[in-house]
Amino acid sequence: MVKGSPAYRAGIKGGFKAVESSDTVIYLGGDVILEVNDVKVSSMQDMVKALSAAGNSKSVPIKILRGKDIIKVNCSIEFKT
89 MVKGSPAYRA GIKGGFKAVE SSDTVIYLGG DVILEVNDVK VSSMQDMVKA
139 LSAAGNSKSV PIKILRGKDI IKVNCSIEFK T
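In the numbering used here, the protein residues as written are 89 to 169.
The reader is advised that the hints may include incorrect statements.
Unchecked claim - Straight-line distance between alpha carbons at most 25 Å, and here's what the computed BS3-like set of lysine-lysine pairs gives:
1. Lys105 x Lys146
2. Lys91 x Lys160
3. Lys160 x Lys146
What the hints contain is simulated information worked out from the structure, not anything from laboratory work. No experiment lies behind these values; they were computed from the predicted model shown.
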């Protein structure tokens, strides 16, 4: 998780255990994003689509799985050009 990023400020926790799979490093142990702006997501492409569909919103609700709990946080949107 990048310190100071919108996800960091929203309290979303990144993974902390690095595991290599097919020459890709994946970090396990963090929050799992289930929904962005009330749209179920299962890939980065899904997340980008859900954020794009938010239009001019300043923030979006994000539903995450943290351990055994499902919680909702609000995350600010920052588009970079």
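Take the C-alpha atoms of Lys160 and Lys146, compute the straight-line distance between them, and say whether it is at most 25 Å. Holds: Lys160 and Lys146 sit about 16 Å apart, inside 25 Å.
Holds or violated: are the alpha carbons of Lys91 and Lys160 at most 25 Å from each other? holds, 20 Å
Would you check the hint for Lys105 and Lys146, treating anything up to 25 Å between C-alpha atoms as holding? Violated: Lys105 and Lys146 sit about 32 Å apart, past 25 Å.
Comparing the model with each earlier hint shows a violation of hint 1 alone; every other hint is respected.
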